[in-house]
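**Q** Start from the sequences, fold in the hints, and give me the full structure.
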Amino acid sequence: MLYCDLLEVEIVGVFVENEMIDFISTKWLNRTRKINFALFICVVVMSFLVDGNGRISGLSEKASYVITVLFFSFGILLSSVLTIIDKRYRFATVLFLIVYLILAAPAVWPF
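According to numbering that gives the first Met the number 0, the residues represented by the sequence shown are 0 to 110, in order.
FYI, nobody ran anything at the bench for these hints, they're computed from the structure.
Some clues are possibly wrong.
Stated by the list, open to error - With a straight-line Cα cutoff of 20 angstroms, these simulated DMTMM-like cross-link-like pairs (lysine to aspartate or glutamate) come out:
| # | residue 1 | residue 2 |
| --- | --- | --- |
| 1 | K61 | D50 |
| 2 | K33 | D85 |
| 3 | K86 | D50 |
**A** Laid out in C-alpha cells, this is it:
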C-alpha cells in the first residue's frame with residue numbers, strides 16, 4: 000500500500016514537472032526568477048532594518064506589518080511555485096524557502 004502511494008506521488012510529480020513546463024514560457028520563467036531573487040534580497044535587507052519591536056525603521060506598526068506580510072507571503076508563494084516548476088534553479092528556490100521560513104519564525108513562534 001505504501002509503495003503504491005509513493006508511486007502515485009512520483010507519477011504526479013513527474014506530470015507536474017513535465018506538463019506544467021509546457022504551459023509556461025521561458026520568458027515568464029526568467030522574469031519570475033528575477034522577481035524571486037529581487038524579492039529575496041529585499042526581504043533580507045528588510046530583516047536588517049527591523050528594530051527591537053518588530054517594526055521596520057521609520058514606519059508605523061500597521062504599515063510595517065502590512066509590508067512584511069505581503070513580502071513574505073508573496074516570496075514564499077513565488078518560491079514554492081518555482082520549486083515545483085523550475086528544475087534548473089530548484090536548489091536556489093528551496094534555499095530561499097528555508098531562509099523565508101527562518102526569518103518568519105520569530106513572528107510565528109514568539110520566544
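**Q** Which numbered hints does this structure break?
**A** Hint 3 alone not satisfied by this model.
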